[in-house]
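Protein chains in written order, with this note's numbering: chain W, 191 to 488; chain X, 384 to 834; chain Y, -3 to 309.
I should point out that these hints are in silico values taken from the structure, not numbers from a laboratory.
In this text the structure is predicted, and so the values were computed from the model without any measurement.
Ideal Cβ positions, reconstructed from N, Cα and C, are used throughout, including at glycine.
Honestly, I wouldn't trust all of these hints.
A partial selection of chain W residues facing chain Y, derived with a Cβ cut-off under 8 Å [unchecked claim]:
| # | residue |
| --- | --- |
| 1 | 298 |
| 2 | 306 |
| 3 | 310 |
| 4 | 333 |
| 5 | 337 |
| 6 | 340 |
| 7 | 341 |
| 8 | 421 |
| 9 | 462 |
| 10 | 465 |
| 11 | 473 |
| 12 | 474 |
| 13 | 477 |
| 14 | 479 |
| 15 | 480 |
Calculated cross-link-like contacts (lysine-lysine; reagent style DSS-like; alpha-carbon spacing at most 25 Å) [to be verified]:
| # | chain 1 | residue 1 | chain 2 | residue 2 |
| --- | --- | --- | --- | --- |
| 16 | W | 477 | Y | 101 |
| 17 | X | 458 | X | 795 |
| 18 | Y | 124 | X | 602 |
| 19 | Y | 124 | X | 594 |
| 20 | X | 827 | Y | 124 |
| 21 | X | 515 | Y | 101 |
| 22 | X | 535 | Y | 139 |
| 23 | W | 477 | W | 223 |
| 24 | X | 450 | X | 413 |
| 25 | X | 831 | X | 646 |
| 26 | W | 223 | Y | 101 |
| 27 | X | 563 | X | 781 |
| 28 | X | 831 | X | 594 |
| 29 | W | 223 | W | 364 |
| 30 | X | 698 | X | 458 |
| 31 | X | 827 | X | 535 |
| 32 | X | 413 | X | 692 |
| 33 | X | 781 | X | 590 |
| 34 | X | 724 | X | 458 |
| 35 | X | 692 | X | 795 |
| 36 | X | 724 | X | 795 |
Covered stretches of chain Y, going by a simulated chain W footprint (3 or more residues, C-beta under 8 Å) [said to hold, decoys possible]:
| # | segment |
| --- | --- |
| 37 | 110 to 117 |
| 38 | 120 to 133 |
| 39 | 137 to 143 |
| 40 | 158 to 172 |
As a plain string of letters, each chain reads:
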Amino acid sequence: MSQLPAVVIDGILYASWMFIIAVGLTLIYGVMKILNVAHGSLYALGAYTAATFAGYWLGHGYPAFGSYGVLLIAALVVGLIAGPVIERGLLRFMYGREEIVLVLVTYALFLILEDFTKLLFGVDPILVGAPYALLGNLEMGSLIYPVYSLVLVVVSILVGVALALVLSGTRHGKMLRAVIHDREMSMAVGINVSRVYLVTFTAGAMLAALGGAITAPTTSVQPGIGAEVIVLAFAIVVVGGLGSLGGAALGALIVGLVRSAAVHYQPEVELFSVYVVMALVLIVRPKGLFAAPEARKI
Amino acid sequence: MGHRLFVLACGLALALLTMLSDVVQAEEHKPIRIGFVTFLSGPAAGPFGVPAKLAAEAIVQSLNAGKAPPPYANKGFGGTPLELVVIDEAGGATKQVTEYRNLVERSDVDFVVGYISSGDCLAVAPVAEEMKKLTVLFDCGTPRVFEEASYKYVFRTRPHATMDAVAAALYLLEVRPDVKTYAGINQNYAWGQDSWNDFSAAMSVLKPDAKVTTSQMPKFGAGQYGAEISALIGSRSDVIHSSLWGGDLEAFMLQSVPRALFKDSQLVLVAGEPYLHRLAGNMPDGTIVGARGTHGVFAPDSPLNSWLKEIYKAKADGLNPNYPAYSAAAAFLGLKAAYEKARLAKLSASTPMGSNKGVKEEMEKAYQVGPSQEEIIAAFERLSFDTPSGQMNMNLGKGHQAAAGTAYGVTKLVNGQVTVVNIRRYPADRVQPPEGMSSADWIKSGMKPGK
Amino acid sequence: MKRDPTVPILMGVVIFLVAVGAFLPQWALSFLTVVLNLGIVVLGMALMMRTGLVSFGQGLYYCLGAYAAGGLDHFYALSDLLLMAVAGALLAGLVASLLGLLLAKYRDIFFAMLSLAFSMILYGLLVKTSALGSTDGFGLSIKTFASVTIGTHSVRYVIYASAVVLAGASAAAMHAYYRSHLGRLAEAIRDNELRVEYMGASVRRVIHLNYVISAALAGIGGALMAGAIGHVDPETTANWTTSGEFVFIAILSGTGNVLAPFLGAGVFEAVRTFALERFPNTWQMTLGITMLLVIMFLPGGLWSMFRLRRRGA
């Protein structure tokens, strides 16, 4: 029973991590109706790039606090390069096709990027823990948590709020929401859907890379981390309702808390916990938690 | 439709012809071709797969140049040069079975050495038997290979994972005899599960009043252990057992050390050796660590050990060889020893004293053809041979499974490098079940040293 | 109207393959066996795709089939390949008829994700079960086919020939199904469900039925593959990456004809094996690029190569 505070905190920490990764995926799906399997590869690229940049920065003796900026720059670099290259160079030619074909295209892309990352960064894991350890720990009684993880929670909240504001407040955000609701009508009204797609995909790529960059100091960046997060991200996005920001947040929170409870009370079921949650949510709410009501088209 | 179908039919016919012609073109080739299967991609590549490959390449190179120390000074195997065919162990057991068949039939290898994953070992062994191709399993840990079946064509030149778990328990109780509670964090797949099960079974026999607090089983490759670490901290265990390896181990250390998990808990790392050099600063002093055998820092000083270190460092940018590299060495040297013993036996048999009829022909045949698979197998069974890790004895599994002792030590940071001190060694019969007994039964019945 | 040549071609191919198999080297038999087994599973995927649904959890039934086969040998010493195939189909079909009650209500990505969730739950259950070897799985061997003992030297050939015959039979059965009333409803449902309901047919019933059929096919494929490889484990059967491969091959092949899945499986396996051997460090990239090329230049899948002629008239 005394484990309850730990369960809740661990759940929130895990949820915030998952939210940052999942939010880009739900954005891309919402706008472009593409379930981007390569999202995991962008995450991995972001992690590798951030670890490499940060390692270089710290190795050359620059001020340690600058490494945080370096992480963010790495995410931006990966997103700004990979996003347009993939969208303009590949996806653009596939837009008319069925949804499932696009999933396949992103799956092929995932395979390509896995080896590309391996060629670029090698097979040895990259360990750059300094930014993580730098902020020290917060001790709450017998519980000790690294400040970095708590900062991550703040970051994820900021990302969520910022995105929500952009989507509801800015003109561009409203155009995005229009495209999410009805692509054809948006085109009819004069919105440059093609540009919206480019911007959205790039933003999604940056968010994926950001997820990777932020995670890099907490773990060992090794081959296969991309594949690990893909299914988790999918689960959260589907649970939350595709294209819904709030849904992704709530989905991440539910998954995080359930998983944390499993780890503390019944560790052997941890492996299933995500999928059981996904199945249960889908059974109760077939289109996810915050699915927008859709008119049936005859 | 008809035209296209014709093209398709021609294409299929061509494909079939290619397959058929492969059989027809069987040729005699001079060098001995050895297929080597190891992880070149995925999380196992960095800590295990690639070091094993580098070691294999370095060893083959050195053997071909005749530069290995005695008794391996002959070039290649018995004077015949070696050729390595390396393939990636990735893709899962189903893929590997298919690749094994391709390796044997299309790449026409004489021997197969390989397999780090226990699943692949278990899947490939029956196929090796079916195809009658001498296969040396060099690194996988599962005891099941020779406990569940007998093989003629399959050998394993390293002891299995039961040894690691039992020795860990023995060492732990020697340095911390007052253990009251212990926990575990292991990856949720066969290796992690077996490691924990064997360790806790051994502990329940050696120290029955010690209690298990929690057994964490995170997903393989999870990388994020926040909740698990919280649970471990909350469990306030005296000892934490872990068979984590590679990137997962690094992530776990990175996340747990700052949270002072090991302030009051003793960490036991069963497979900690391969990445020890990378974890300086993230490895608390006094961590019990093993190398799955007397490899690396646990290897006894010998000309063979120095040789391996020298040729490996030259290939690996100055890094010392880790245990997969030593496992690879044992496999190649064992195969070489068996081959040369068989060849010697064949030569002696072809020159019987006092008989002159057909001596010249027999000798020529023996010199040129080399020993057959069956002859090498006969030589390999129950063979004892020297390796950089010490002596390996093929005493178990009806002569097909190696037995050797192991060692454990504790870490100590010296001049920014992680070193291992307080090394204690355990002979084979204290840490491995005797012939004919399963690991589970042996541990449960008290781990009595067998013959 | 031109007579549909599919069935005669099918029979011809089956007879040809069985005959030529006696002369092929072992590795070719293994390769073709794998292709045929995959093809049977993808045949089921194609049925679902014709109904407008893509399952990302077909691995569930593939795994059930494989473990049914393995279980028969491991626990009951029943090493009959035909029995294993039947058991695989039955077990998979049974589970599908239960899960299908739920899944038939879902569409699009939700169907895909829910099916994925179920397959991963099975995966988790198997990993936890050490009696089944956890992630290492366990081995099995084939001794008889339809109670006829197989000589030790003919095992590879018999496994191969069984795959050929069962694949041919499945394809023929599916072909007949597609031409039947129920079969034609599949594509109608894909195009416009509401109209099908309007016309009085039960969409739920048809989807459920098709789901069970596709599961049974996956079960057969899984059982045959288990027999061919001689080993079952959760990673290569129930994991989502395996289901993803089935989807890949299914879309690659196109749904035009019952022969398409076998062609697609053949190309996929050939490219993957070739890439693994020639480019051991970049085989995934090679596979991905090849698949992209096919997707870009053959939008209807590989089978569309044979359709182009018709359009001219």
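A quick look at each hint next to the structure:
1. The criterion of a C-beta within 8 Å of any C-beta in chain Y is met by residue 298 of chain W, whose closest approach is roughly 4 Å, and the hint holds.
2. For residue 306 of chain W, the interface hint holds, the least distance from its beta-carbon to any beta-carbon of chain Y being 7 Å, beneath 8 Å.
3. With a cut of 8 Å, the hint placing residue 310 of chain W at the interface with chain Y is violated, because the nearest CB-to-CB distance is about 12 Å.
4. A cut of 8 Å between beta carbons decides the hint on residue 333 of chain W: the least distance to chain Y is about 29 Å, and the hint is violated.
5. With a cut of 8 Å, the hint placing residue 337 of chain W at the interface with chain Y is violated, because the nearest CB-to-CB distance is about 34 Å.
6. A distance limit of 8 Å between C-beta atoms decides the matter here; for residue 340 of chain W the minimum to chain Y is near 31 Å, and the interface restraint is violated.
7. Annotation: residue 341 of chain W was flagged as interfacial toward chain Y, and the flag is violated, the nearest CB pair being 32 Å apart, outside 8 Å.
8. Checking residue 421 of chain W against chain Y by beta carbon gives a least distance of about 6 Å; that is within 8 Å, so the hint holds.
9. For the restraint placing residue 462 of chain W at the interface with chain Y, the shortest Cβ-Cβ distance is roughly 4 Å, inside the 8 Å limit, so the hint holds.
10. Because the beta carbon of residue 465 of chain W sits about 4 Å from the nearest beta carbon in chain Y, less than 8 Å, this interface hint is met.
11. A least Cβ separation of about 7 Å between residue 473 of chain W and chain Y falls short of the 8 Å threshold, and the interface hint therefore holds.
12. The beta carbon of residue 474 of chain W comes no nearer than 12 Å to any beta carbon in chain Y, farther than 8 Å, and the hint placing it at the interface is violated.
13. The restraint placing residue 477 of chain W at the interface with chain Y holds, with a minimum CB-CB distance near 6 Å, inside the 8 Å limit.
14. Because the beta carbon of residue 479 of chain W sits about 12 Å from the nearest beta carbon in chain Y, more than 8 Å, this interface hint is broken.
15. The beta carbon of residue 480 of chain W is not positioned within 8 Å of any beta carbon in chain Y (closest approach about 14 Å), and the interface hint is therefore violated.
16. Restraint check for residue 477 of chain W and residue 101 of chain Y: the C-alpha separation of about 11 Å stays at or below 25 Å, so the hint holds.
17. Taking the CA atoms of residue 458 of chain X and residue 795 of chain X, the gap is about 41 Å. The hint is violated against a cut of 25 Å.
18. The suggested pairing of residue 124 of chain Y with residue 602 of chain X holds, with an alpha-carbon distance near 11 Å, which does not exceed 25 Å.
19. Restraint check for residue 124 of chain Y and residue 594 of chain X: the C-alpha separation of about 22 Å stays at or below 25 Å, so the hint holds.
20. Simply put, residue 827 of chain X and residue 124 of chain Y have alpha-carbon atoms about 22 Å apart, close enough for the 25 Å limit, and the pair holds.
21. Only pairs whose Cα atoms come within 25 Å are accepted, and residue 515 of chain X paired with residue 101 of chain Y is rejected, the gap being roughly 52 Å.
22. Annotation: proposed proximity of residue 535 of chain X to residue 139 of chain Y holds, straight-line Cα distance about 20 Å (limit 25 Å).
23. Only pairs whose Cα atoms come within 25 Å are accepted, and residue 477 of chain W paired with residue 223 of chain W is accepted, the gap being roughly 15 Å.
24. Between residue 450 of chain X and residue 413 of chain X the alpha-carbon distance is near 21 Å, which keeps this suggested pair within the 25 Å criterion.
25. At most 25 Å may separate the alpha-carbon atoms for a hinted pair to count; residue 831 of chain X and residue 646 of chain X exceed this at roughly 35 Å.
26. For the suggested pair residue 223 of chain W and residue 101 of chain Y, the alpha carbons sit about 21 Å apart, so the restraint of at most 25 Å is met.
27. Of the supplied pair hints, the one linking residue 563 of chain X and residue 781 of chain X is violated, its CA atoms being roughly 39 Å apart against a limit of 25 Å.
28. Annotation: proposed proximity of residue 831 of chain X to residue 594 of chain X holds, straight-line Cα distance about 23 Å (limit 25 Å).
29. Between residue 223 of chain W and residue 364 of chain W, the direct Cα distance comes to roughly 17 Å. Compliance with the 25 Å bound is thereby established for this hinted pair.
30. Using a Cα cut-off of 25 Å, the hinted pair residue 698 of chain X and residue 458 of chain X holds, with the two alpha carbons roughly 20 Å apart.
31. Note on residue 827 of chain X and residue 535 of chain X: the hinted pairing is violated, with a Cα-Cα distance of about 29 Å set against a maximum of 25 Å.
32. A C-alpha spacing of about 30 Å is found between residue 413 of chain X and residue 692 of chain X, which places the hinted pair above 25 Å, so the restraint is violated.
33. Proposed proximity of residue 781 of chain X and residue 590 of chain X is contradicted: the alpha carbons are some 32 Å apart, above 25 Å.
34. Between residue 724 of chain X and residue 458 of chain X, the direct Cα distance comes to roughly 14 Å. Compliance with the 25 Å bound is thereby established for this hinted pair.
35. Of the supplied pair hints, the one linking residue 692 of chain X and residue 795 of chain X holds, its CA atoms being roughly 22 Å apart against a limit of 25 Å.
36. Between residue 724 of chain X and residue 795 of chain X, the direct Cα distance comes to roughly 43 Å. Violation of the 25 Å bound is thereby established for this hinted pair.
37. For the segment 110 to 117 of chain Y, the stated coverage by chain W holds: 6 residues have a C-beta nearer than 8 Å to a C-beta of that chain, and at least 3 were required.
38. Counting residues of the segment 120 to 133 of chain Y whose beta carbon lies closer than 8 Å to any beta carbon of chain W gives 4, which reaches the threshold of three, so the coverage claim holds.
39. Judged by the Cβ-Cβ criterion of 8 Å, the segment 137 to 143 of chain Y is not covered by chain W as claimed, because only 0 of its residues qualify and three are needed.
40. Coverage of the segment 158 to 172 of chain Y by chain W is violated in this model, with 0 residues showing a Cβ closer than 8 Å to a Cβ of that chain against a need of three.
The structure is inconsistent with the numbered hints 3, 4, 5, 6, 7, 12, 14, 15, 17, 21, 25, 27, 31, 32, 33, 36, 39 and 40, although it conforms to all the rest.
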